[in-house]
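*Asks:* Turn these sequences into a full structure, and let the hints steer you where they fit.
First residue of the sequence shown: 31, per my numbering; consecutive thereafter.
Hints listed in this document are in silico derivations from the structure and should not be mistaken for laboratory results. Keep in mind that the hints are not guaranteed to be accurate.
Straight line, CA to CA, 25 Å or less: simulated BS3-like cross-link-like pairs of lysine-lysine [stated by the list, open to error]:
#1 Lys171 x Lys122
#2 Lys183 x Lys171
#3 Lys89 x Lys109
#4 Lys122 x Lys109
#5 Lys89 x Lys99
#6 Lys89 x Lys183
#7 Lys171 x Lys109
#8 Lys99 x Lys171
#9 Lys183 x Lys109
#10 Lys109 x Lys99
#11 Lys116 x Lys103
#12 Lys116 x Lys183
#13 Lys103 x Lys89
Quick list of the computed label-pair ranges, beta carbon to beta carbon [claimed, not checked]:
#14 Pro98 x Thr178: 31 to 37 Å
#15 Asp134 x Met101: 36 to 42 Å
#16 Asp121 x Arg142: 24 to 30 Å
#17 Met101 x Arg166: 37 to 43 Å
#18 Thr178 x Lys99: 34 to 40 Å
#19 Gly174 x Lys99: 37 to 43 Å
#20 Asp106 x Ser172: 28 to 34 Å
#21 Met120 x Pro98: 22 to 28 Å
#22 Ser167 x Asp134: 14 to 20 Å
#23 Ser127 x Arg166: 15 to 21 Å
Ideal Cβ placement from N, Cα and C applies to all residues, glycine included.
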Amino acid sequence: MSSRKIDSNAAPHRSQRTKQASLRLMDPQNGETPSAPHQQIVGETIANSVSLITDLINKMDALTQQLPKSMYKATDQDKIYHVGNKVHGMDKNSASSTFIRRMDILFGHDCRDDDGHFQYISRGEHGMSLVVQYLRSIDWKSAGIPFTVAAVKTCWVCEQWST
31 MSSRKIDSNA
41 APHRSQRTKQ
51 ASLRLMDPQN
61 GETPSAPHQQ
71 IVGETIANSV
81 SLITDLINKM
91 DALTQQLPKS
101 MYKATDQDKI
111 YHVGNKVHGM
121 DKNSASSTFI
131 RRMDILFGHD
141 CRDDDGHFQY
151 ISRGEHGMSL
161 VVQYLRSIDW
171 KSAGIPFTVA
181 AVKTCWVCEQ
191 WST
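*Replies:* Okay, here's the thing in structure tokens:
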């Protein structure tokens, strides 16, 4: 038998988990004001989500910096430049609509070349650097872009690009 002593005053061990606010509380269309404890959880959820999105943008920037010099250097006549400067969402004033539309045009399932790679990836200030600059310009805390959508789209681009 074990001779371990049990401390009867010790609190039971509970694993720590990150609390996530429910989607209902995170929905900006929800007219219900969250309670004080829920407001704290919402704040933590937003901070965690912004951190995740920022990490994904940094990963995309690192991939951009690793593009070989032999890769095509984009100009202001190319797709990324056009989409980044001329294309907006169905609601022109909606950051969410614009983000989703731009990401779908540049990195949708139908945007692959014959080898299965993203066809619009190019280097330079009018290429992927412009995409990274656009993503960094978004105020993720207040833009109204659903974090699940933003995380899925940016994560998918990073995963597909790096394979």
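*Asks:* Hint by hint, note whether the structure agrees.
*Replies:* Against the structure, the hints come out as follows:
For a cut-off of 25 Å, the pair hint linking Lys171 to Lys122 stands: about 19 Å separates their Cα positions. For the given pair, Lys183 sits about 17 Å from Lys171 by alpha-carbon distance, which is consistent with the 25 Å threshold. The straight-line distance between the Cα atoms of Lys89 and Lys109 is roughly 22 Å, inside the 25 Å bound, and the hint therefore holds. Of the pairs offered as hints, the one joining Lys122 and Lys109 holds, with about 19 Å between alpha carbons and a cut-off of 25 Å not exceeded.
Restraint check for Lys89 and Lys99: satisfied, since their Cα atoms lie roughly 19 Å apart, inside the 25 Å limit. At roughly 13 Å between alpha-carbon atoms, Lys89 and Lys183 fall within 25 Å of each other, so this suggested pair holds. Under the criterion of a C-alpha separation no larger than 25 Å, the hint pairing Lys171 with Lys109 is inconsistent with the structure, at around 28 Å. Taken as a hint, the Lys99 and Lys171 pair is broken in the structure, with Cα atoms around 35 Å apart against an allowance of 25 Å.
The hinted pair formed by Lys183 and Lys109 meets the criterion: a straight-line CA distance of about 19 Å does not exceed 25 Å. Distance hint between Lys109 and Lys99 is fulfilled; the C-alpha atoms sit about 19 Å from each other, no more than 25 Å. With a C-alpha separation of about 20 Å, the suggested pairing of Lys116 with Lys103 holds against the 25 Å cut-off. Between the alpha carbons of Lys116 and Lys183 the distance comes to roughly 20 Å, so the proposed pair stays at or under 25 Å and holds.
For the proposed pair Lys103 and Lys89, the alpha carbon gap of about 20 Å is at most 25 Å, so the pair holds. Roughly 34 Å separates the CB atoms of Pro98 and Thr178, a value that falls within the hinted 31 to 37 Å. A hinted range of 36 to 42 Å is violated for the C-beta pair Asp134 and Met101, which are about 23 Å apart. For Asp121 and Arg142, the Cβ-Cβ distance of about 28 Å falls inside the hinted range of 24 to 30 Å, so the restraint holds.
A beta carbon spacing of about 22 Å between Met101 and Arg166 contradicts the range 37 to 43 Å that was offered as a hint. The hint said 34 to 40 Å for the Cβ distance between Thr178 and Lys99, and at roughly 37 Å that hint holds. Checked against the hint of 37 to 43 Å, the pair Gly174 and Lys99 passes, with Cβ atoms roughly 39 Å apart. In this structure the hint that Asp106 and Ser172 lie 28 to 34 Å apart at CB holds, the actual value being about 30 Å.
Range check, Met120 to Pro98: about 37 Å between beta-carbon atoms, so the 22 to 28 Å window is missed. For the pair Ser167 and Asp134, the supplied restraint of 14 to 20 Å holds, since their beta-carbon distance comes to about 19 Å. Taken as a hint, the range 15 to 21 Å holds for the pair Ser127 and Arg166, whose Cβ atoms sit roughly 19 Å apart.
In this structure, the earlier hints numbered 7, 8, 15, 17 and 21 are contradicted, and the remaining ones agree with it.
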